[in-house]
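K.L.:
Heads up: the sequence lines are chains A and B, in that order. Here the first sequence is numbered in my numbering, starting from 4 and rising by one per residue. Here the second sequence is numbered in my numbering, starting from 19 and rising by one per residue.
There's no promise every hint is true.
Covered stretches of chain A, as calculated for chain B (at least 3 residues, CB under 8 Å) [stated by the list, open to error]:
{"hint": "1", "segment": "272 to 278"}
{"hint": "2", "segment": "281 to 288"}
{"hint": "3", "segment": "295 to 305"}
To be clear, the hints were calculated from the coordinates, so they are not data collected in a lab. Even glycine gets a Cβ: it sits at the ideal position worked out from N, Cα and C.
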Amino acid sequence: MPILNAVAFERGDWAAQFDFGKAWPCDAPVLVEMLHSVSGRILRDKACRAFPDLATFGYFCRAANTKRALEGLTDRARRFGWGTVVHIAPANIPINFAFSLVMGLLAGNSGIIRLPSRIFPQTELLVDIFDDILARPEFQDIGKGIAFVQTEHDSAQLKQAIARAQGLIVWGGDATIERFRAYEKAPRCAEVYFPNRVSSALLEARQYLDLDATAQTDLARAFYNDSFLVDQNACSSPGIMFWLGDQEVVQRAKSVFWQQLATLLRQEYEIDPVAKIDKVLDVMAINMAAGDPVSITRDASEAWQVHGYAQGDLPLRFGLFIEVELSSLTDLAGYLRPNEQTLTTFGVAPEEVYANLKTDGCHVDRIVPVGQALDIGLLWDGKDMLSTLSRRVQVG
Amino acid sequence: MHPGNRTTHWFRKNISRKGRIVDVQDLNALTEHHMAACKPYADYVRSMFPAQRPGDLAAVPYLPVRAFKRFDLKSVPDAEVYKVMRSSGTSGEHSRIYLDKETAQQQTRSLIDIFAASFGKARFPMLVIDAESTVKDRLKFSARTAAINGFSMFSRSRCFALKDDMTLDLDRVMAFLQTHKGRRIFVFGFTFLIWTALVEQLRQTGKTLDLQDAFILHGGGWKKLEDRKVSNVLFKQALAETTRCKSVHNYYGMVEQTGTIFMECAHGRLHASPQSDVIIRDPQTHEPLPHGRPGLIQVFSTIQKSYPGHALLTEDIGQTHAGSDCPCGHTGTIVEIFGRLQKAEVRGCSDAYS
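Here chain A stands alone, though its shape is the one from the complex (with noise of 0.2 Å):
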C-alpha cells in the first residue's frame, strides 16, 4: 500500500489489512525473489537513475547478492524471522529505510516502517516500486507484512505497534534512542539501536606518493564521497585522519593528499552557508575543549585540517578533519575513541590493521577501504543483521 500519512496511520484501520507477526524462514525463496524483482525495476527506470543511492539499493537487492549474504547465515534452514520488526528510519539519509526494511525481510521479517516526515523524491521512487511488485499474485502475502507510515511525534499507534512488535530497529542520534528504548516493549521483543558513532582514515604515506596522478585523483574521489557527500556528517564518515610513515613521507603526502581533494572540492562541493557557519563555531568548540587554540590549515577550501589535538568528542563536520601522524601502526589503537565506527585505510589492508588492534581490544566495528565508509550491509555497528534478526530453530 501507498505510504500511510499520520493521520491515516493513527486512525488504525491499517492494521486489519496487515498481517502482524508475520514471520518467513529464512531460506523462503520468495523473499530473495521479490527483492530481486525490486532491484530489476529500480535498475531499468530512468527516472532511478538520476539517484546513486538508488542504483546501490537496487545492487544491493539483486538475487546474486542477497543469496550471498544467506549463505553465509549459519543454518539457515532452521532459522525464522522473529515476525513484525518496526523500523524508525533517520531524516537525514534518504535510502536508509529501504536497507533497513531489507535487513528485516532477508531475516524472514515483516516491517512496519516509520519514514522521516520529509519525504525525499527517492522514498517516493522506491515505496511506488515496492508497491507495484507486491501487488503481483505471488507477492501478495509478502506485501500483507509490509507497511510504509508516517506517524506524528508522539504516536500513540505507533507506541501500541512498538508493544506488540516482535521487533525493533532504531537508527538515530542518542536522543532518539533514549526515547524508544524508554517504551513499552513485548519482553521477547528483539530490539537493535545505532547510535551515534564517529569514524576515521588511515592512510599509508609512501604507498600514496606511490600512486600514479590518475590513482591519486581515484582516491580523493573516494575520500570525497567518504565524506563530503554527506557533508561528512555520516557515522562513518572519517573525521581523523591517521597518517601512516616516516615525517617526512607523511609531509609530502599529506600536502599531495589535501591538494587533490581541494581540486575536487573546488570543482563540486558547495558548502551551506549555515553549516559554514556552523563550522567556524566549531573550531571554538574544539578549543575549547582542548583548552589551547588548536593550529588550522586552511588552504582555500573545504577541507580544514586541525593539527595537535585528537581526544574527546570533537564536532568534526562540514570539512573539518584532525590530522594525526602515526609511525608505527601500533600507535593507532590508542588514538581510537570509545564510540569509534568505520576505520577506512589505504595503502595497508584491513586485515593487517585488524591484527594489530587486536590485541588491543579492537575498538572499531569497521575497517573496510577508503571509498567504502557509507556502504551499508548486513553486517553494520558491529552487529551481524541476519543472525541478530532471526531465530534459531533447534530440531533434535
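Position chain B against the provided structure of chain A, taking the given hints into account.
P.N.:
Frame of chain A; chain B shown alone:
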C-alpha cells in the same frame, strides 16, 4: 584590575568624540582587549586568523553572532557583570550577552546620540505597540522587552496600545492621544506587531488614528512580514492610510550589539551610526565583498567592551552602499537587508527522528 584595563584610555577618548566614521584602529584595539580578557575568544582568533595583520575592516577577525548562543563569552570578571541580556531564540537557543556598567552606559549614550540625530533631543509621549505584560513579566524577558525598555528613555509618559492578547485597545490609545494632543508622539514597536496589531486591526475595524504629527520607530526584522509579502514601501503606505503618519523609521539592530543600531533615514536607507560600520562577506567563502554585492552582513561596533561583540558575522543577508551616496546627510555606510539565511537540510545521521 583585569587585563582589559590597558584599553580603557583610548576607549573613553573615542566615545567622547562624536560624528566620526568608525576607526579600524579602535576595532583592532578591541580585538586585543578581548583577546587579553576572554580566553575562548583569544584561542578562536589564534586558530582562525593566525596570520592576520591589522588592515582594513575586513581584516578585523570576525565572530559569528551565533557564538553567544553556543558559548559563554565575556571579557569582564563575573563580579563586574552588571546585567545579562538574552536574545529571543527561534529554536530555543538564546544569546547571552554580559554587560558591565561601562558597556551598558556606552550603549545608552550611543542610542541617545543616534536617536537625537534623527528625532531631536526631546523626550516624547511614547505609544508602545505592545502589551504591558511584555515588559512586566520578568520571565518573558526578550529582545522585545529590551528594546521597549531601551527606547523608553526617550519617553516622558508611556502608553501600551495592546491588551495581553495582543489586540488593540483603541479606547486607551484614543485617550492617550487626547491627553497629549498637540504634542509630537513617539510610536515604538516591533515591525510585525505594528503590522498585525495596529495596521491590520485598524483595517478590520475600519477605524483610523491621527498620528500625523507622530513618528514611528520599528525594528525586530521583516521575516514574518516577508511571509505575508509586506515590503517596507507597502508598510509605510499602510501606516499612512491607517494612521496618517508619514514619518516611519525602521532600524536594524541586535541584542548582541545593543546601542549601535542602523537607523532608517528620510530617504529610506539604513545608515551605520558613528560608532559602527558594516561590510558584506560571501556566504560560502567568507571573503569580503564590495558595495552592491549581496552576502552575509558583518557588523562592527566600537562600544562593546565587556564581551567580544565588536565584529560580528550575522546570518542576515544584505548588501552595502557607500554612505556618501545618500542625500540625507548621514555619512554612515548604508546597509540593505534582504532577509535571513535559510537553514538547508543537513545531510548525515544526526537528529534522526523528525
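K.L.:
Now look at each hint and say whether the structure bears it out.
P.N.:
Cross-check of the supplied hints:
1. 272 to 278: Our answer is that it holds, as 6 residues pass the Cβ test (under 8 Å) against chain B, meeting three.
2. 281 to 288: It holds, with 5 qualifying residues against the three required.
3. 295 to 305: With 5 residues close enough to chain B, the hint holds.
Every hint from the earlier list agrees with this structure, and none is contradicted.
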